[in-house]
Amino acid sequence: MSHVVLDRITKRYAGHTALNGVSVSVEQGEMLALLGPSGCGKTTLLRCIAGLTGFDGGRLTIGGADMAGVPVRKRPIGMVFQSYALFPNLTVRGNVAFPLTVRKRPKEEVRARVDEMLDLVGLDHLGDRLPNQLSGGQQQRVALARALSPRPEVLLLDEPLSALDAQVRHRLRDEVRRIQHQVGITTVFVTHDQAEALAISDRVAVMNAGDIEQCGPPAEIYTAPSTRFAAGFVGNRNTLELDAVDGRVTAGGAFDVEAPAPRVLCMFRPEDVELAKDGPGARAVVDVTVFLGATTRVYAQAGPSVIFADLPSRAAAGLSPGDEVRLRVAADHVQVFPA
Amino acid sequence: MTSHITESVAAPPAARRRVPGKLFTAWGPALPLLLFTLATLVLPALRLLHDTFALPDGSYGFDHIVKVAGNPVDRQAIGGSLALGLTQATLATALGAPAAWLITRMRLGGRAFWLSLMNVASNFAGIGLAFGFVALIGSTGMLTLVLKGLFGIEDNPFPSLGSFKGMNVVYLYFNIPMFVLLTLPALSVLKDDWQEAAAVCHATRWQFWRYVGLPVLSPFVIAGWLLVFTWTIGVYAVAYAIGSSPSATKLITLQIGTTLESSVFGLGRAAVLSVLLMILAIGATLLYRLSLRRAARWL
Amino acid sequence: MRRRVFLGLLAVYFGLPLLAALLYSVATRWTDTPLPDGYTLAHWTGVFAKPDVMAALGRSLVLSAVVVVIEIVLVVPAAYWSVVHNPRIGSIVQTISVIPFAIPWVVVGAGLQLVTKSVAPELFGTFWLLAAATAAIAFPFMYRAVESSLLAAGAVRLSEAAATCGAGPAATLIRVILPAIRGGVVSGALLVIATAMNEFALAKILTGVSYETLPLWSARQFVSRTLGDPNALAVVTIFTFGLLFALSALVVWLGRGRVSASMATAPVQKGITP
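Chains as they are written, first to last, in our numbering: chain W, 1 to 339; chain C, 1 to 299; chain R, 1 to 274.
Honestly, the hints are just simulated from the structure, not real lab data.
Yeah, the Cβ is synthetic: ideal placement off N, Cα and C, and Gly gets one too.
Among the hints, a few may not be true.
[As the list claims (entries may be wrong)] Quick list of in silico lysine-lysine cross-link-like pairs, PhoX-like style, CA-CA up to 25 Å: (1) C:K165 / C:K250; (2) R:K50 / C:K67; (3) C:K191 / W:K74; (4) C:K67 / C:K250.
[What the hints assert, rightly or not] Sample of chain W residues at the chain C side, in silico, Cβ under 7 Å: (5) L52; (6) F81; (7) A85; (8) F98.
[Claimed, not checked] Computed spacing ranges between beta-carbons, pair by pair: (9) W:G54 / C:G109: 20 to 26 Å; (10) C:K165 / W:R129: 46 to 52 Å; (11) W:E108 / C:K165: 17 to 23 Å; (12) C:T104 / R:V5: 16 to 22 Å.
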């Protein structure tokens, strides 16, 4: 029995449908990412789980209990808001203790638990600071500690890292995963950053315009996107719009795949492009190379299209603008969708 | 942060004394304003202080103060102004705070309407406001006549404008908008996020207000209270219009006015009352600024 | 539900006196019926033919214009110098601004009366004293508007650029800075005009009958109701209100997108004549 079950959740606003009969379940201890562009409904779905937004159709259960009619205040959840929403007049300790204070827990228990939480997130030395004296990363950790202190069943994170700058974000991203694993709590988090979703979650639900297009482990989403949107949104892909000939598409000899429609979109990742000086494949001319450290991105003009390929830098060392090369992509590395 | 295009202002004092031109360069264009305000604002304030203690024979003493303290009319005026100030501050806060809170929760259209209404009300002040109230609840006022015509109530049930109650009704007309316009930006500081976060933490609405809402907002509300108090004790135009009859509540500002108009001697009285008002006003203003600084401490 | 009732009552409270004054200004006869017997625009057309009203209005307008000029001449150079060269000017100005903010204007008037009578008695009761006093209490509005305008326009950078082009301070101020802060100067001027048009305490104490401005005229009608002209007073009331409202709306419109706390309270302070 899954820990959190969303069954055909529908939410309509005047004029448009935010959630279109969305169904997904989260297992105990699992970290599920809701990934999608802004407006896709991921935050709405999260808020439905929290009870901050009501929904018009469907059913939500947490731990087997139907949450219909249960107010936010009574749900077994902890939540980290995008803006952290730390109470400005309470210290770090005060903020983390707040969920316990309002449940009227005895002082000793509260103090011990706060110590435990601050230790967990690595802020034990900042207990007496006020939120406006903390950096963004520190505030986020306080928010996390506050969410976890009442031992909720489910942890909800609303774009927890989007307000931070890149360096801090990477560090904290791994921190969040470490803490989630250590505590073993069922977690749902919302993000528009696919790298983040793929890096730390057990499963990713790719959302678009109120629907979940695909839900699966990160590797599956990355290598085998099942819809055109998922293919375009996750991972950086070359996209070619081509006409089928006799039910097949061969992009000038680069690959040979079956075509489900007369006009199709072929998508493949840059690291799957094989470049050689000669041999089989489509003819292309190197346009520019971008050195990225371990890999080099090579832009090549093949007919009317510009293809980019990621090669190990050693292999790309010999290529310069103007060189003629041959492009190939293995058939099972190409995703084909009707155009 | 500022760029010093001309010679450096941070020249050592010795250098400045030797080169007065540099001093002029640093302050020159501002001198007209500074001297003007010195003469028109600072000097009169000092003069009032001086005249409070200066006696006709050239010496200094507390005679004027004693005289004012002993004068029943002045005592009533001081009491009246203080009572009016305290009452107005409290009423404007009691009515203005919930109004401001409700307005912050409104969506754009409703909010714009209320902001313009508050703006309208704050523009309708002075003698005109007094006239409006006379036309409304005076002896032949609109509402008075409505009550007479529709319900047969012969005697005017509304308080006379010069009475304490009447003054409170009139003063609220500009004090509530002032309070609302002042605290509105402050109230929007209380983000929705906090309430939602509190709910997720299992706090009731009351608990939210007790632990977060009120502590964060109270300095702003106190600042508003102080502002209304300061303003009320200093109002003159409206007071002149409704407070000039002998049965009206006595106020300090009106007493100052009558003293200045009627007699050349007895100006010591005007000075004493003026200085009293100054002390009250400056004291309240300092507390007001202190409150605002406290409010910003967490945000 | 309680909220709607509360807000509804408040809206009614704010609307009624205005409505009563408005009706009075267009009523033919209105003594013992809830609503006027009849309506007419005669009062409105007639009022502006009355010599004492027009004279008072004229005096108020002249006063406003003169005060605005005084403010611009005094404030703009000072604010400019404060922002670009010597910020200590700004802090001194802020301290002095406490006086018209905190101290009732009637007290300022009292002090001025005492000072003028002993130092320059011939000045007392003159237009220029009133103009000076009004300029004194209104200057914070102009200063704040000009200062924020200077900051928003990046006056420091502009002056640097002008200096590299070889311009002296006066040329910089007139040809570079003033055009850039036009909006702030206009906003400040509007607030000053509103203050001067509606200012009562100083006018009463410093000049009284010798220079009867519009508010003084209104007060005269109000206090001597038997000899006064209530219909004309109603018209003048609504007219003044309309003028002040238009001025404050203009200020808000000019400053749209740049609302600061001081701008939010300035209309309030301006509208309330202590």
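Going down the list of hints, with the structure as the test:
Distance hint between C:K165 and C:K250 is fulfilled; the C-alpha atoms sit about 13 Å from each other, no more than 25 Å. For the hint pairing R:K50 with C:K67, the CA-to-CA distance comes to about 46 Å; that exceeds 25 Å, so the pair is violated. A C-alpha spacing of about 22 Å is found between C:K191 and W:K74, which places the hinted pair at or below 25 Å, so the restraint holds. Restraint check: the Cα-Cα separation between C:K67 and C:K250 comes to about 17 Å, which is no more than 25 Å; the hinted pair holds.
With a cut of 7 Å, the hint placing W:L52 at the interface with chain C holds, because the nearest CB-to-CB distance is about 6 Å. A hinted interface residue such as W:F81 counts as satisfied when its beta carbon comes closer than 7 Å to some beta carbon of chain C; here the least separation is about 6 Å, so the hint holds. Interface hint at W:A85: satisfied, since its Cβ lies 4 Å from the closest Cβ of chain C, which is below the 7 Å cut-off. Restraint check, W:F98 versus chain C: the minimum CB separation of about 5 Å is within 7 Å; hint holds.
The hint said 20 to 26 Å for the Cβ distance between W:G54 and C:G109, and at roughly 24 Å that hint holds. For the pair C:K165 and W:R129, the supplied restraint of 46 to 52 Å holds, since their beta-carbon distance comes to about 51 Å. The beta-carbon spacing between W:E108 and C:K165, approximately 55 Å, falls outside the hinted interval of 17 to 23 Å. Here the CB-CB span from C:T104 to R:V5 is close to 19 Å, well matched to the stated 16 to 22 Å.
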